[in-house]
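Take the sequence shown: its letter number 57 is residue 58 in my numbering, and every next letter is one higher.
Simulated from the structure, these hints should not be mistaken for lab results. It cannot be assumed that every hint is accurate.
Straight-line Cα separation of at most 20 Å, SDA-like style, residue types lysine to any residue; simulated pairs [to be verified]: (1) Lys494 <-> Asp441; (2) Lys402 <-> Trp443; (3) Lys372 <-> Phe405; (4) Lys468 <-> Lys400; (5) Lys102 <-> Asp121; (6) Lys400 <-> Thr387; (7) Lys41 <-> Thr259; (8) Lys488 <-> Gly410.
Quick list of the computed label-pair ranges, beta carbon to beta carbon [as the list claims (entries may be wrong)]: (9) Phe392 <-> Thr231: 21 to 31 Å; (10) Asn275 <-> Gln435: 42 to 52 Å; (11) Thr272 <-> Ser499: 52 to 62 Å; (12) Ser499 <-> Gln465: 33 to 43 Å; (13) Thr491 <-> Lys372: 24 to 34 Å.
Glycine is no exception: its CB is placed at the ideal position from the N, C-alpha and C atoms.
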Amino acid sequence: DVDFYQQVPSVLSASLYVPDYSYALYYSGSTQITTNLNNKVPFLVEDPIDFSVSNSLDPTTVEVYSTDGSGNPTYFLLKKTRKAISATVNTATVSVGNPEKFYTFNLEDDNIVGIQSIFDSGGNQWYETDYLANDIIYQSQKNTNINDANYSGDSNSAPYLLKAQSGINRRFVTRFKSTGSLQVQFGSGIANNQNEEIIPNPYNVGLGLPFKRDQLTTAFAPSNFLFTNTYGIAPSNTTLTIKYLTGGGVSSNVSSNTLNTIISTPVFLTTGLNSSTANVVFNSTTCNNVKAASGGKDGDTLEEIRQNSTSNFGSQLRTVTPEDYLIRSLSMPPQYGVIAKSYIEPTRASNLSQGETNSLDLYVLSYDINKNLTLASNTLKQNLKTYLSQFRGINDPIKIKDAFIINIGLTFDIIVLPGYNNNDILTKCISAIQDYFDIDKWRINQPIYLRDIEILLDKIEGVQLVKQIEINNKNSTGYSRFEYDIKGATRNKVVYPSVDPMIFEIKYKNTDILGRVVPM
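All chains, please: the whole structure from these sequences, using the hints.
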């Protein structure tokens, strides 16, 4: 992670000094930064940086930077955090003449990471896919009222929308060669004719359409399929502009506090600003990596290639097992929303629609700004559905549902050994329970083992005996509205979850965990 900083002047609003966001800067995608070391290792931030925007997934941290003689803020310091990779953006051009099936060219450079974009001289973008037969791409759209009025209300939990676009003919694939160069290959479609003129289309054969496609007995050469757009089209009579990334390697594992130089130039999104103030703001920009960069390595050895090939042979980028779905749902890029908890099970027979033979129910939950569990928004669930569609099998219908949140409180009684301070021991016990119920450690449908909590408290120095532990349901104002019969769900010191997928949560750990020291 790299922190980006800028100063903004203060402005008086309703008797309070607040940041003047009209001076907030904007970095478009592909921001280039570098180290202050002698070898100047370059890094790249692919996501845009907008200091004027702040939400739960992309917060802008604000603090007072300087004050006047009266103690009033004159400048505020804004901070944004972004992921950076060790890479440099390079540009190459390739001139293409007459169309050629599966047109191919090689990018020759050192330490190529991959393709960032390809545009032709007509302004058309070509898209990279996993294989040429795949005509579906997934694009991001900012979640605004203009792009989608139905989902724009959930922009805090899902800042971007994930849209699947099919029928993309301008596509290409890449592969690395043994020489280190990157080979780029395009599709096979080179004919100006429509596909229906050279291959049969089952949707219009026999309808009496033009070009004699009503002749059901017409013989089509099997090789005709190679001239269609099934594998995309080949570029022709144009110039391709390729932006690609180079970098990485062991040298990219730079130390902390060394990424301090921003090479890219930001812009103001507001016009008519005071020039001298704008100059101060412009010169205040800087960045820093609090933690060292790690994960960089040189190219795979032959043995690593052999092992990786073997382990990936059976995966085929598919979701097959329930665990595959859980991992994929939790791995969705965060700009589309964050899935905090997920659980999957086959749809119960009583819930199957008429004609359905099998289906899967994926139960999900998200976090609010305070990291308390909340129901996932419709936008987040739609993004997840779109994201999973590229991995799931065609015969694996999946329904995304909300899991139930059951808020609980906990009370306990302990006996303290002589010679120990009661308040100190009680504080340690409450802290241990707070850690035990840390929501990161809990899963949907996970039971509560009261015996484990007893052992946890009993191990704390100064605790002589744990006399009682009691779980109670919290469903008043400020809590989840769902009630749960804790007593009826408890058997042999185990609080079991309900049949419907749910999760236990102590929402307010500072007030919902109460302990007492009692006499022997």
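Right, here's what the structure says about each hint:
1. Lys494 <-> Asp441: violated, 23 Å
2. Lys402 <-> Trp443: holds, 19 Å
3. Lys372 <-> Phe405: holds, 16 Å
4. Lys468 <-> Lys400: It is violated: about 45 Å lies between the C-alpha atoms, which goes past 20 Å.
5. Lys102 <-> Asp121: Roughly 17 Å separates the two Cα atoms, so the pair holds.
6. Lys400 <-> Thr387: holds, 12 Å
7. Lys41 <-> Thr259: Since the Cα atoms of Lys41 and Thr259 sit roughly 10 Å apart, the hinted pair holds (cutoff 20 Å).
8. Lys488 <-> Gly410: holds, 13 Å
9. Phe392 <-> Thr231: 21 to 31 Å: holds, 22 Å
10. Asn275 <-> Gln435: 42 to 52 Å: holds, 49 Å
11. Thr272 <-> Ser499: 52 to 62 Å: holds, 57 Å
12. Ser499 <-> Gln465: 33 to 43 Å: Holds: the Cβ-Cβ distance is about 36 Å, inside 33 to 43 Å.
13. Thr491 <-> Lys372: 24 to 34 Å: holds, 28 Å
Taken one by one, the earlier hints fail for this structure at numbers 1 and 4, listed in ascending order.
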